[in-house]
Amino acid sequence: MIIILDASTLINLANGGVLNVVLSLPGVRFLVSRVVRGESKSVVSAVDAVIADGIRKPPVKAPRLVRYR
Numbered sequence: 001m002i003i004i005l006d007a008s009t010l011i012n013l014a015n016g017g018v019l020n021v022v023l024s025l026p027g028v029r030f031l032v033s034r035v036v037r038g039e040s041k042s043v044v045s046a047v048d049a050v051i052a053d054g055i056r057k058p059p060v061k062a063p064r065l066v067r068y069r
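So the sequence shown is residues 1 to 69, counted in full-length UniProt numbering.
Derived from the structure by calculation, the hints contain no laboratory data. Remember, predicted model here, so these are calculated numbers, not experimental data. From the three backbone atoms N, C-alpha and C, an ideal C-beta is built for every residue, glycine too. Just to be clear, a hint being listed does not mean it is correct.
As the list claims (entries may be wrong) - Label-pair ranges, simulated between beta-carbon atoms:
no., residue 1, residue 2, range
1, Asp-6, Asp-48, 17 to 23 angstroms
2, Asp-48, Ile-4, 17 to 23 angstroms
3, Met-1, Lys-41, 24 to 30 angstroms
4, Asp-53, Asn-15, 14 to 20 angstroms
5, Ile-51, Gly-27, 17 to 23 angstroms
Whenever a hint applies, use it, and build me the whole structure from the sequences.
Here it is in structure tokens:
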């Protein structure tokens with residue numbers, strides 16, 4: 001799946017501290033245009049840091065599945 005990110009989404013993900021988590025979703029490619037990068041100058045360094053880091057998955061424990069009867 002390919003998801004195109006707009007400036008508002010990119011800024012909200014970066015400011016919310018979940019950019020790395022979202023960009024690490026398996027089987028998903030994200031596209032950001034030059035125009036969006038220009039509109040997102042306040043978070044471009046965060047985006048570049050995630051890309052430079054290799055977009056690694058954060059160390060998060062998988063949630064336990066609970067069955068209800």
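Each hint tested on the structure:
no., hint, verdict
1, Asp-6 to Asp-48: 17 to 23 angstroms, "holds, 18 angstroms"
2, Asp-48 to Ile-4: 17 to 23 angstroms, "holds, 19 angstroms"
3, Met-1 to Lys-41: 24 to 30 angstroms, "holds, 28 angstroms"
4, Asp-53 to Asn-15: 14 to 20 angstroms, "holds, 18 angstroms"
5, Ile-51 to Gly-27: 17 to 23 angstroms, "holds, 18 angstroms"
The earlier numbered hints are all upheld by this structure, with none contradicted.
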